[in-house]
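Participant: What follows is each chain in one-letter form.
Protein chains: 2
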Amino acid sequence: MATTGDENGGLLGVVHDLPFESSVGYQLRMANRATQRFLQSKIEPHGVTTGMWYFLRALWQEDGLTQRELSRRIGTMEPTTLTALTAMEKAGLISRERDLQDKRKLHVLLTPKGHALRAELLPLAQEVVQQATADFTPEDKARFLGYLAAVQRNLADVPDPDGAA
Amino acid sequence: MATTGDENGGLLGVVHDLPFESSVGYQLRMANRATQRFLQSKIEPHGVTTGMWYFLRALWQEDGLTQRELSRRIGTMEPTTLTALTAMEKAGLISRERDLQDKRKLHVLLTPKGHALRAELLPLAQEVVQQATADFTPEDKARFLGYLAAVQRNLADVPDPDGAA
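The listed protein sequences derive, respectively, from chains A and B.
Its first residue numbered 167, the first sequence is counted upward by one per residue in our numbering.
Its first residue numbered 167, the second sequence is counted upward by one per residue in our numbering.
Just so you know, not all the hints are guaranteed correct.
Heads up, the list lumps identical chains together, so a pair's fine if it works in one copy or across two of them.
Derived DMTMM-like pairs: lysine to aspartate or glutamate, alpha-carbon spacing no greater than 25 Å straight-line [as the list claims (entries may be wrong)]:
id : residue 1 : residue 2
1  : LYS279    : ASP183
2  : LYS307    : GLU187
3  : LYS279    : GLU228
4  : LYS307    : ASP183
5  : LYS271    : GLU210
6  : LYS256    : GLU305
7  : LYS307    : ASP265
8  : LYS279    : GLU263
9  : LYS269    : GLU305
10 : LYS269    : ASP306
11 : LYS271    : ASP301
Source of the hints: derived by calculation from the structure; they are not laboratory data.
The structure displayed is predicted, hence computed values, not measured ones.
Isolated chain A, as found in the complex (with noise of 0.2 Å):
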């Protein structure tokens, strides 16, 4: 019943096969993937979802960001920062409060519990790093961050269809 395909990267008709060897967004979703996966395995522990942890290290770089900044920085939809901020506030690690000049603004403020969290969890956020780079040489390294970054200039022109105008 199964017919294998050309997974050669051969002509099948007039289109060119794209084997997932040699894609490059199969295999960035799947290093990401794989990166996400060992990180949520470090700091579930420590009751932090992957779905809350850009939003603290951008905190912990920076704390009283506005919620739309959070957005901005981490990439998100302001549906899913705000489902994160709630979900980080029941857990005690966030306060949100309304900015004084400027009633639109929510600014969004570390507790005493998720200031504390930065020396427990960082530490593991490294461990990752070191992990999925653990044979690369600080050069390899340098490399592999210069064509992420690349990848994303290369798609920043792109009008983004879910974000508003």
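Since chain A is already given, all that's left is putting chain B on it; use the hints.
Facilitator: Just chain B, lined up with the frame of chain A:
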């Protein structure tokens, strides 16, 4: 109210910072997100979501794979696979057939419509890869794919927290 954190990777107490610019996990996530969004903008006009996309590609390579085998190839949990396949069935792209020898196995088969999309959509995937790596030399591209494979290999021994035994 906002206190600007130490974004340059210096010491804060005893914990080293891990700025987003040099965080492989964060950059992987952002590069993957940019690629998936670009892909989405290309394929959605054809009625295919990014959730269906990699299943479709796996089936174009090898029609008749079982649900379990599809999960393994795409790296998804079985419930995620089921959700995608149900949507694909509803969209008339696949049908499911029980294995005659082993009734626990369900084979996934492309419909003529699912087959026909290959000629239409695979060139779009090529375009995504093209755009994402527009300024890469062939050596850069090979090196980048090598790094992405290395990350997956380096994290492969880690037990999957979601995985069934």
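Participant: The structure should be examined with respect to each hint, and the outcome stated for every one.
Facilitator: The hints, checked one at a time:
In this assembly of identical chains, LYS279 and ASP183 lie within 25 Å of each other by CA distance solely across copies; the values are 18 Å between and 51 Å within a copy. Proximity of LYS307 to GLU187 under the C-alpha cut-off of 25 Å is found in both arrangements, the shortest distances being 21 Å within a copy and 12 Å between copies. In this assembly of identical chains, LYS279 and GLU228 lie within 25 Å of each other by CA distance solely inside one copy; the values are 16 Å within and 51 Å between copies. Within a single copy, LYS307 and ASP183 get their C-alpha atoms only as close as 30 Å, which misses the 25 Å cut-off; across copies the closest is 17 Å, which meets it.
Neither within a single protomer nor between protomers do LYS271 and GLU210 lie at most 25 Å apart by alpha-carbon distance, with minima of 30 Å and 33 Å respectively. Taking the shortest alpha-carbon separations for LYS256 and GLU305, neither the intra-copy value of 42 Å nor the inter-copy value of 49 Å comes in at or below 25 Å. In this assembly of identical chains, LYS307 and ASP265 lie within 25 Å of each other by CA distance neither inside one copy nor across copies; the values are 40 Å within and 46 Å between. In the homo-oligomer, the alpha carbons of LYS279 and GLU263 lie at most 25 Å apart inside one protomer (17 Å), although the nearest pairing across protomers, at 52 Å, exceeds that limit.
Within a single copy, LYS269 and GLU305 get their C-alpha atoms no closer than 47 Å, and across copies no closer than 52 Å, so neither meets the 25 Å cut-off. When the C-alpha separation of LYS269 and ASP306 is checked against a cutoff of 25 Å, the pair qualifies neither within a copy, at 47 Å, nor between copies, at 48 Å. Neither within a single protomer nor between protomers do LYS271 and ASP301 lie at most 25 Å apart by alpha-carbon distance, with minima of 45 Å and 39 Å respectively.
Hints 5, 6, 7, 9, 10 and 11 from the earlier list are contradicted by this structure; the remaining hints agree with it.
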